[in-house]
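Participant: Whenever a hint applies, use it, and build me the whole structure from the sequences.
Number of protein chains: 2
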Amino acid sequence: MQVRTSVTMTSATPTGVLRSDGAVTATGPETSADGTRATPLRVALLGCGVVGSEVARLLTQQAVDLQARVGRPLELVGIAVRRGNRPRPGIDPALFTTDAEALAARPDVDLVIEVIGGIEPARSLILTALGHGASVVTANKALLAEDGATLFAAAARAEADLYFEAAVAGAIPIIRPLRESLVGDEITSVIGIVNGTTNFILDKMDTDGAGFGDTLTEAQELGYAEADPTADVEGFDAAAKAAILASLAFHSRVTAADVYREGITEVSSSDIASAKAIGCVVKLLAICQLSDAADDADRTVSVRVHPAMIPRSHPLAGVGGAYNAVFVESRSAGRLMFYGPGAGGSPTASAVLGDLVTVARNRVRGAVGPGESSYAARAIASIGHVTTRYHLSLEVADVAGVLATIAHVFAQHDVSIQTVRQNGRGEDAQLVIVTHRATDAALSATVASLRELDTVRDVTSVMRVEGE
Amino acid sequence: MQVRTSVTMTSATPTGVLRSDGAVTATGPETSADGTRATPLRVALLGCGVVGSEVARLLTQQAVDLQARVGRPLELVGIAVRRGNRPRPGIDPALFTTDAEALAARPDVDLVIEVIGGIEPARSLILTALGHGASVVTANKALLAEDGATLFAAAARAEADLYFEAAVAGAIPIIRPLRESLVGDEITSVIGIVNGTTNFILDKMDTDGAGFGDTLTEAQELGYAEADPTADVEGFDAAAKAAILASLAFHSRVTAADVYREGITEVSSSDIASAKAIGCVVKLLAICQLSDAADDADRTVSVRVHPAMIPRSHPLAGVGGAYNAVFVESRSAGRLMFYGPGAGGSPTASAVLGDLVTVARNRVRGAVGPGESSYAARAIASIGHVTTRYHLSLEVADVAGVLATIAHVFAQHDVSIQTVRQNGRGEDAQLVIVTHRATDAALSATVASLRELDTVRDVTSVMRVEGE
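Respectively, the protein sequence lines represent chains L and B.
UniProt numbering puts the first residue of the first sequence at 1, with every later residue one more than the last.
UniProt numbering puts the first residue of the second sequence at 1, with every later residue one more than the last.
Possibly wrong hints are sitting among the right ones.
[As the list claims (entries may be wrong)] Partial selection, computed: residues in chain B whose CB lies under 7 Å from chain L:
hint : residue
1    : A68
2    : P173
3    : S332
4    : A333
5    : L336
6    : P341
7    : A349
8    : S350
9    : T358
10   : R363
11   : V364
12   : A367
13   : G371
Hints listed in this document are in silico derivations from the structure and should not be mistaken for laboratory results.
Glycine included, every Cβ here is placed at the ideal spot set by N, Cα and C.
Facilitator: Shown next as structure tokens:
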């Protein structure tokens with residue numbers, strides 16, 4: 001039930017209250033949907049970019065529904081912005097303040113939404129808010145991946161909530177399923193397409209056969225990639241999300257620094273064509289895995305972000321455009337997949353508001369939701385110990401015995417070859433090799449040895465093959 | 001972290017405590033994982049079939065992890081069974097009791113799991129447990145769909161939790177996402193494949209070209225269908241789940257009686273072939289929709305379960321075998337899909353244990369999770385008012401003007417034809433017609449009029465086309 005009448009927001013003063021009919025009244029008991037009088041919960045919004053402005057708008061448009069779902073009205077009392085004089089359609093300018101610290105520290109604020117992003121000032125503001133007893137909803141993947149433990153500790157001290165569904169995969173519910181739905185199960189693997197920009201680019205390269213550079217330019221023109229695309233195309237964004245997913249899945253602290261990371265800038269149109277030739281598609285994957293071990297205490301966690309070939313029959317292979325999906329395997333539940341839009345103002349705002357209603361309900365009941373769960377304290381495996389399959393393309397001299405020489409190098413390093421395809425072309429030949437599972441260390445040593453052979457002109461590409 | 005050592009369960013007496021090392025001690029403060037002393041939460045299990053016995057086993061095997069995640073040990077104190085003398089491997093027979101009512105009423109029990117199924121005695125037992133202040137986790141879709149309001153009211157009175165993730169789509173987290181993740185959004189449509197048996201049968205019919213009867217027999221032999229398959233193949237099971245999904249999505253009370261229901265027993269191999277011919281696949285869908293209306297107060301909810309053709313490009317079309325999936329559309333989040341195993345002992349037990357940890361955490365904090373949200377109180381639209389597209393097969397006399405006559409009947413009832421295909425075969429012809437969107441009432445009236453025409457020998461099939 002949306003408010004159909006035009007409503008305006010209240011001023012940024014602590015005494016303004018948004019009524020469902022859009023009128024502004026003095027602070028005090030309000031008549032709620034069920035006829036009882038209820039004091040509003042006060043909400044401060046830090047940041048008013050694409051996500052923040054959508055959150056502000058929805059808080060007004062959906063005020064009647066949100067009040068019914070929470071049990072008390074939600075009152076937006078202020079919005080921290082960098083420049084207060086920029087016009088933002090549909091949002092009362094009186095709500096804006098450039099003093100974010102003062103807004104986060106307001107003692108009358110119950111709930112703080114942080115959608116500024118980045119490490120500072122976001123961290124200080126969240127700690128200020130928690131220190132004043134407010135519950136916090138944040139979409140800040142970078143901060144959670146760098147220093148989540150500090151935030152969780154502050155929330156626990158304050159007996160306040162810290163919710164962050166919007167930090168990973170936009171509107172797709174994945175944090176709550178990992179933190180709550182699957183908390184009675186043993187998760188063994190989480191594999192996600194969690195960056196829409198790179199998925200858009202790789203999907204376009206697959207469809208059009210174009211190279212990375214041209215496709216990036218197109219993505220920038222269409223608004224799918226930023227002017228400085230580093231965070232996306234180098235995998236930093238996905239790595240932060242991988243750290244968050246791994247922490248939740250394995251009840252261990254995993255930070256961005258623990259994540260092995262390769263971006264997609266080196267992916268060529270010939271890699272995409274090679275993937276096609278073996279029935280695969282190239283995706284940038286965030287992979288979080290729990291190792292096998294005879295003794296449970298020896299099981300380690302590996303977390304990595306890199307482009308990989310996956311079979312076209314894999315559920316993740318069909319995730320096109322800027323969509324995201326997360327594939328979860330657990331001991332009892334089996335294989336689950338969560339799919340949806342991974343970014344954008346509206347989807348991210350949906351996730352923020354879902355968290356806001358949850359923490360507001362908790363506040364109404366004097367309760368708090370789940371905090372950090374890091375009891376398992378699993379060790380992080382280095383990339384060298386991670387095993388997977390590999391696809392290699394080599395330029396070799398087209399002479400008798402070259403394949404035997406190369407096969408010998410693989411055998412020396414204990415890397416087993418699954419398939420070889422040889423394409424002769426004059427003096428040179430191209431060899432395409434797919435291996436069985438091997439450690440990253442063994443594969444790296446194999447490639448180093450191959451490069452030393454006279455008959456090997458070049459190792460033109462090495463890419464992991466995932467999703468058996 | 002699983003307990004690797006062999007553990008045994010405690011007896012059904014109120015004084016037994018399961019320690020992480022498997023020893024049984026007298027009730028009293030226990031040393032928890034973090035070294036503090038913690039009193040266990042006592043768990044009663046009602047029912048010990050496929051799901052119940054898996055829950056019992058996992059409570060033992062995962063005792064150390066569950067304790068770490070809850071913050072206190074979980075102690076299984078009794079299991080209600082119909083026949084106490086049946087051997088159940090891996091479960092201490094001393095836990096069994098045939099007096100379910102006494103177990104549900106035990107004042108020292110904190111958490112009750114109901115996996116008996118059906119209306120009675122499950123309802124009385126849940127009400128008894130809530131009446132004694134216990135929180136309840138149930139997988140009982142039939143009971144929730146028939147009388148959820150009574151259960152929610154009892155939970156609210158007791159200030160206890162009622163959780164039911166396992167009631168819909170097995171291990172797939174869908175209840176929590178609807179109840180919490182998307183609670184700040186406006187859900188407009190939920191379309192699910194929520195019955196594994198019928199999906200297995202329809203998928204087999206699609207792959208093998210076999211008829212319904214033969215495929216059902218095969219499904220029964222493979223254990224995918226029960227000896228009495230009525231609840232599955234007639235759509236009762238899916239209708240109960242649809243009622244639960246619609247209640248949550250639209251914040252309104254929807255019972256099984258509100259759900260329009262058709263099973264798959266009339267689906268023929270020629271229907272499947274017809275679907276293929278138009279690029280579609282036949283699925284049994286549970287469809288919950290919020291209507292459009294100029295005034296929000298006039299928007300109604302329609303809930304229906306029936307076989308339907310959906311385009312092979314639709315995300316639900318690729319859901320094969322006994323898998324389940326739920327496709328959700330909302331105003332801000334857009335299109336989301338949740339996919340996974342929809343039934344089976346382990347997946348369902350995963351969902352039960354996820355709920356158990358959540359309600360146990362709530363109990364430790366003295367909190368309760370979300371209760372019933374039915375404030376919107378939307379009216380239920382009758383099937384006659386529901387609009388969708390239709391696929392019709394007609395046997396007609398192959399005479400001049402027959403198409404014009406038939407097209408006239410459609411036009412009289414305001415049903416617009418999208419495509420017609422005519423297959424001549426001697427004296428008769430087959431007409432295959434796909435309509436644009438029309439109300440169910442208009443389509444039914446059209447079919448009735450067609451049957452009165454001399455030139456129409458038979459209307460051999462009518463099936464809805466969904467998922468535009």
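Participant: Hint by hint, say whether it matches the structure.
Facilitator: Consistency of the hints with the structure:
no.	hint	verdict
1	A68	holds, 4 Å
2	P173	holds, 4 Å
3	S332	holds, 4 Å
4	A333	holds, 4 Å
5	L336	holds, 4 Å
6	P341	holds, 5 Å
7	A349	holds, 6 Å
8	S350	holds, 4 Å
9	T358	holds, 5 Å
10	R363	violated, 11 Å
11	V364	violated, 11 Å
12	A367	holds, 3 Å
13	G371	violated, 9 Å
Consistency note: the structure conflicts with the earlier hints numbered 10, 11, 13.
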